[in-house]
Structure formats: C-alpha cells, structure tokens
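Asker: Each chain is listed here by its residues.
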Amino acid sequence: MAALTKEETEALIQEVLEVYPEQARKDRAKHLAVNDQSLEKSNKCITSNRKSQPGVMTIRGCAYAGSKGVVWGPIKDMIHISHGPVGCGQYSRAGRRNYYVGTTGINTFGTMNFTSDFQEKDIVFGGDKKLAKIMNEIEELFPLNKGISIQSECPIGLIGDDIEAVAKKANKEIGKPVVPVRCEGFRGVSQSLGHHIANDAIRDWVLENRDGDESFATTPYDVAVIGDYNIGGDAWASRTLLEEMGLRVVAQWSGDGTIAEMEKTPKVKLNLIHCYRSMNYIARHMEEKYKIPWIEYNFFGPTKIAESLRKIAALFDETIQAGAEKVIAKYQAEYDAVIAKYKPRLQGKRVMLYVGGLRPRHVIGAYEDLGMEVVGTGYEFGHNDDYDRTIKEMGNATLIYDDVTGYEFEEFVKRVQPDLIGSGIKEKYIFQKMGIPFRQMHSWDYSGPYHGYDGFAIFARDMDMTLNNPCWKQVKVPWKTAESSDVAVAASA
Amino acid sequence: MPSVMLKKNAEGKLVFYVPKKDLEEVAESVEFDSPDKWGGEVLLSDGSKYYFEPMDEQPDFPVTLRAKRLDSGE
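From first to last, the protein sequence lines stand for chains A and F.
If you're matching positions, the first sequence starts at 42 in the numbering used here and goes up one per residue.
If you're matching positions, the second sequence starts at 68 in the numbering used here and goes up one per residue.
Since the hints were derived computationally from the structure, they do not count as laboratory data.
Here the structure is a predicted model, which means the values were calculated and not measured.
Just so it is clear, CB atoms sit at the ideal spot from N, CA and C, and this is done for glycine as well.
You may find that some hints are simply not true.
[Said to hold, decoys possible] Here are the simulated lysine-lysine pairs, DSS-like style, with alpha carbons at most 25 Å apart:
#, chain 1, residue 1, chain 2, residue 2
1, F, Lys74, A, Lys352
2, A, Lys305, F, Lys74
3, A, Lys469, A, Lys455
4, A, Lys82, F, Lys88
[Said to hold, decoys possible] DEER-style ranges, computed between Cβ atoms:
#, chain 1, residue 1, chain 2, residue 2, range
5, A, Gly128, F, Asp123, 41 to 47 Å
6, F, Glu78, A, Asp203, 43 to 49 Å
7, A, Pro334, F, Glu98, 45 to 51 Å
Okay, chain A solo, but in the shape it has when bound (with noise of 0.2 Å):
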C-alpha cells in the first residue's frame, strides 16, 4: 500500500475520533497528529503528558511501575521491598527482564519480590511496625544485601504512614543506605512521574553518599551509562563499545547496577544518558551540582550508533576519537553482512510503533538501516521534549499519537496496513489476530539484545523472522483467499 499523503492521514485522523462523544473527541484530537518536520517545537502540533480519558483504554502504567520497575528494580545487590499489598510487587516480578550477573537469592536479588503484603489489620493501624521488622528479618536472611528501598504502593500515601522515620531509623542500625521512595501508584498521569520521584529519591539518598571521599581513583576517561536497563543484555552491549573506545565505564544506571556505582557517580567526567525520558532528571541534577555535563546518544542500528560513537568521542581528547574510529571499522565488516543478508528481505516494509521511553523515535534509525520505514509512533507517557526530539526523526505526514487508545490504533492500522507493529504485550495478540506481524517492544519479545553491533544483528534477524514467517498467510480463513475466490469461480463455470 502506498504511503498516505498528509491530507490523507489528517482525514484518518478526523474519521477515527468522530465516534468519540464531543467532549472526548475535543480531548483526544490535541494528541494525535500528523507530523511536519518543519515544526521546531512539538507543542504546535501535539499535546502529551495528560491524565487518560475515563472509559478508553490506555496502556499506561503507574507511578510504582515507573520507579519500582524502570528505575530502581534493577539495581541488583539492593532489596526493592513493594510496601503494600502483595499483588502489585507479585505481577511485575521480574516482567522487565533486566539481566544481571550475581547470585540471586545470596548477593543480587533482581528477579525475587520482597513485600510487607498488606492486611487490613496494616491498613487499620498503619504499617511502619510491620515495615521495620521486615528490615530485621531481611537483614538476617539475606546478610549480603548492600542496601534497601522501600516502594510505596497506593494504600501507604492513604494511611500516611512515615516510612521516612522508619527509613532512617533502620539505616542507624544496619548501616546500609535505606531509601524510602514516595512513588504511591495514584500520583501523576503515567509511569512518568514514578521515574521523576525514583530520580529524585536517589538525588535525596544515594549520590550524597560519597561527597568529600576522595579515594576512588578516577581517570579523564570516566563515563556513566545512564538510562540503560539491560534488557536482554542491552547494557552489555553497549558498555563493550565504549570500552573498546578508550572510555572507563564506573557506573550502569540501572540495569546490572549496584548501589556502590550510583554513590561514584558524581565522580564521573561524563554522564551518558540513553532513556532520556526516565533519567534525564539525575542527569541535570548531576550537572548543576557536580558540573557534569550530559549528553543524549542512541545506540539502535549501525548508523546511529557511529552517530553517537562521534558526538561522545569529540568531547574526550585524540585517543578517544581514534579509538571511536577504530570501533566503528572494526564492526563494519559485521554490520555490512548483517544489512546485505536481511535489507533484501525487508526492504521497503512500513513499521508502526507506540512504546515507550525512548524507542518511539531511537529504534527508527535501527529500521530504516534496513531499509524499513516507520510510518507512525507515539509513546505511553513521553512528555513534551521527547516530541520535540521526534519530530525530526520522523518522515512527513507520518502519524503521531500521544498515550493512543486500544479504539484508536486499532483503527490506525487497519487503514494504514503496516507490514509490522512494534508495541507491547496487551496490543499483540490483538494483532497477530488481524493478521498483522508484531513485535512486542518493551522487552524485545524475550530476545536481545538490541543496543550496539552485536545487539543490531539480532534486532535485523528477529524482524525478519517475524515479518516473513510464512505463519501469516495461513491467519486468513480459506474461503477469503484469492486463491479459494479463483477455484469457486472455476467451479461456477
């Protein structure tokens, strides 16, 4: 199918919201749009950042989600205690997967659930007691723990229990770092704000922590990865690249993280920031308190990553540009193959996404090194500055769509006819039933990784085994064939 002209998406557009009742439709206009990169801001074109309407369905998720799963929850040798009811701790239990090296259950504890399962005898009497005798038998039962968080779920903003006292009274006694984070499910309108109050409580109670040590030997090459959760390896992959550069890698925030590299990382000379959208908050901090600048880089697909690899080494000396050089020549040989073996294949296909964070716009270089084109994004819960960064990634008259309802994605892709949908798991069997190839984006479809050389080979090879299994042609049933509508014509001769 041929690619809509702008008059033809901003009719898709109209006819998509005129089922809404006015009031809605008024709403839910202001966030879709129909892209013009000829816009230098994005609040011209699109609104974002704004609670849901009651009665469509979103895909968003919490202000715990945000902080208990995206930002601290992989910090491996902490103990991330859901202070609630079971359940909100028990259904995002290791979902992410945010790979680590370690132990679990002795030295690391990423994929376990640790929670004071409320009562209603807690919710009565408040929880603060249960809460520090959970310190207690944690400290007993697992010795090797570095440090806990306590992470608020709904019911403990409602009853106003002071988990701050209790915070700061257990760190007197085991002597480790207890963050206690304030990220109640009702706050904000997405995940995002549980990213905002994650990054402020390790502003508060963590990168404090070693002001005025001056005993960590530092280097002029010191960077942190900021951003990078690890899925799947991402982080590996791309720690391997800036090494291979020249560049010493003290801290991973926060996928394969620890406690000890966030506290060093005030000591960093720069701070690399991947998702923009959960960490950017830190990184200012970092800046105007420790002077460290910050810099934004997208290691999706070979022609992004030699991107970044450039923009990064310009700001280090000789050695690190020669270094960035020899990386990109190195891999060329690998990434060539990869393209010349699966650009044949998906050549010319049309991608719509709608994820998350920052893979609305970073994947879009990864597809079109393929030979892909993204005809339309959006994200979950980006804010106004993430469009303002997509607007120039995007093709003209492509779709854009804030926090998009399951009605209206739906409708998108029936008119639209992508070849793909990357999104996440609750839009994917919704697909795959209209017969339309699907990538679930959050996690990779539990593959990856996707980030780096290594992580483009298997990004390209899973596109391709999705897009061209012959699975699809079999969803149609066999009297709507072409084939089936050839034979009964013959047949009625």
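Using the hints, position chain F against chain A.
Answerer: Relative to the frame of chain A, chain F by itself:
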C-alpha cells in the same frame, strides 16, 4: 514564579529548562549579560518572556534560579 534551570549549550547560548512544564528553550536575548551584571528580562525563542532579579555577577552555570513570567508570547 517557576524554578528555571539555566545552562550554556555548545554554542554558548543560554538554555532555559522548566522541569514542571517540560519547557526546553534557547534564550534569544538577556537584558543584562555582562561580567558585572546579569539578569533582567529574558526573551525565549518561542516568544515568551521571563524576568530574573538582576545580580551583581554572572551566575555559575548551570544553575537553578527563580524567574517571574512576564507574558506567554502568543
């Protein structure tokens, strides 16, 4: 009175960031921008204007300062 995070970008221009509004904008002009006086009216590239209490020396960027919003531009 929003808190504004100010920093200099690679070109040496002032970048204005208001966290609560996701407003990230380059400043077009600063009323007083000399080594011994800084502040006054700041005009952003989107047309909005903010006012900073003038101070006797250049602040040490990046820095967070309180600003007064003068008009929204549009």
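Asker: Just to be careful, I want the Cα atoms of lysine 82 of chain A and lysine 88 of chain F compared with a cutoff of 25 Å; is the pair within it?
Answerer: holds, 14 Å
Asker: Check the following: the C-beta atoms of glutamate 78 of chain F and aspartate 203 of chain A are separated by a distance inside 43 to 49 Å.
Answerer: holds, 48 Å
Asker: For the pair glycine 128 of chain A and aspartate 123 of chain F, does the Cβ-Cβ distance stay inside 41 to 47 Å?
Answerer: Distance hint for glycine 128 of chain A, aspartate 123 of chain F is violated at roughly 57 Å.
Asker: Taking 25 Å as the top limit, are the C-alpha atoms of lysine 305 of chain A and lysine 74 of chain F close enough?
Answerer: Holds, at roughly 24 Å.
Asker: Going straight from one Cα to the other, do lysine 469 of chain A and lysine 455 of chain A come out at no more than 25 Å?
Answerer: Distance of about 15 Å is within 25 Å: holds.
Asker: Can the restraint linking lysine 74 of chain F and lysine 352 of chain A be considered satisfied, given a maximum Cα separation of 25 Å?
Answerer: Status holds; Cα separation ~19 Å.
Asker: 45 to 51 Å was suggested as the range; check whether the CB atoms of proline 334 of chain A and glutamate 98 of chain F agree with it.
Answerer: The hinted range 45 to 51 Å is violated for proline 334 of chain A and glutamate 98 of chain F, with Cβ atoms some 27 Å apart.
Of the hints listed earlier, those the structure fails to meet are numbers 5, 7, in rising order.
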